[in-house]
Amino acid sequence: MIDKDRLHRIAVWSRELRADEQERARSGITERRYPRGSSVCEMGKVFDPWIGVVDGLISVRSLSAEGKEIAFAGVHAGGWFGEGSVLKDEPRRYEAIALRDSHLALLDRRTFMWLFEHSAAFNRFLVEQLNERLGHFMALLENDRKLDSTARVARALALMMNPVLYPDADRRLLITQEEVGTFAGVSRPTANQALRELEKRGILRREYGGLTILKPDLLQAFETVDALKGVA
DNA sequence: ACATTAAATTCGA
DNA sequence: TCGAATTTAATGT
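The number in the numbering used here is simply the position in the first sequence, starting from 1, with 9 added.
Any given hint might turn out to be false.
[To be verified] Ranges between beta-carbon positions, derived for each pair:
(1) S47 to L223: 28 to 34 Å
(2) D179 to K97: 27 to 33 Å
(3) H127 to R205: 48 to 54 Å
(4) E208 to W123: 44 to 50 Å
(5) K13 to K97: 28 to 34 Å
(6) S48 to R205: 31 to 37 Å
(7) G93 to D14: 27 to 33 Å
(8) A74 to M10: 42 to 48 Å
Treat the hints as calculated values from the structure; they're not laboratory data. Quick caveat, the model's predicted, so the values are computed rather than measured. Using N, Cα and C, we set each Cβ at its ideal position, and we do this for glycine too.
Construct all of the structure, not just a fragment, from the sequences and the given hints.
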């Protein structure tokens with residue numbers, strides 16, 4: 010069983026839990042390594058646990074109606090995903106694959122449901138997480154027709170730097186421009202241009218195989234600022 | 001799509 | 001084990 014320190018390190022949501030709740034959480038988590046390219050869960054399959062990324066990068070994606078792969082998000086260290094399928098006890102509606110060697114924490118369904126039934130702190134975290142995601146997807150819908158690729162890239166990165174989802178996210182993201190493209194729904198060359206634009210504005214720094222986010226707040230604000238400028 | 005550059009790996013001493 | 005040579009991966013245009 011993982012110790013308390015480790016629990017706090019791999020699961021921000023555990024920090025506010027009562028002692029007995031933390032005990033449960035500790036006993037319900039197992040850690041597992043996934044090599045680059047391996048599948049974490051497949052669409053349509055029942056895969057019980059709630060999934061936390063300890064280290065690495067996971068792509069959460071789905072097949073569109075036309076059979077195209079659509080990446081919803083890149084989940085990196087500190088992020089947890091899959092609560093929808095756990096809560097509804099239904100097959101996964103998406104697949105998740107490791108984009109690089111990754112280290113995951115799996116919270117089994119029984120423990121998840123126990124925390125869900127007993128812990129106010131756990132529920133608060135879940136609601137906050139769902140709310141942040143809802144905000145993200147609503148913004149996507151709003152901006153869909155504008156097709157401003159820089160804003161799309163900014164939003165994809167903002168999700169990965171979201172202070173609620175990743176309270177102590179590393180400012181350094183190990184992510185290639187091609188991966189940024191898949192998360193933002195733009196081509197790699199377009200992602201390249203968007204990243205240059207964001208760098209020019211001092212929001213981030215480009216590095217080989219990664220990025221450092223210099224101004225997470227501006228990243229969050231980018232879409233609105235840019236939208237206002239477009240109207241004016 | 002092609003050219004360039006950075007990093008990772010292999011290989012010979 | 002060091003570093004040059006080769007291959008692979010990421011980036012720039």
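Right, here's what the structure says about each hint:
Evaluation of the 28 to 34 Å hint for S47 and L223 yields a pass: the beta carbon distance comes to about 33 Å. With their beta carbons about 32 Å apart, D179 and K97 fall inside the hinted range of 27 to 33 Å. For H127 and R205, the Cβ-Cβ distance of about 49 Å falls inside the hinted range of 48 to 54 Å, so the restraint holds. Between E208 and W123 the beta carbon distance is about 46 Å. The supplied range of 44 to 50 Å therefore holds.
Taking 28 to 34 Å as the suggested C-beta distance range, the pair K13 and K97 conforms, at roughly 31 Å. With their beta carbons about 33 Å apart, S48 and R205 fall inside the hinted range of 31 to 37 Å. For the pair G93 and D14, the supplied restraint of 27 to 33 Å holds, since their beta-carbon distance comes to about 29 Å. Checking the proposed 42 to 48 Å range against A74 and M10 shows it holds: the Cβ atoms sit about 44 Å from each other.
In summary, the structure agrees with every hint in the numbered list given earlier.
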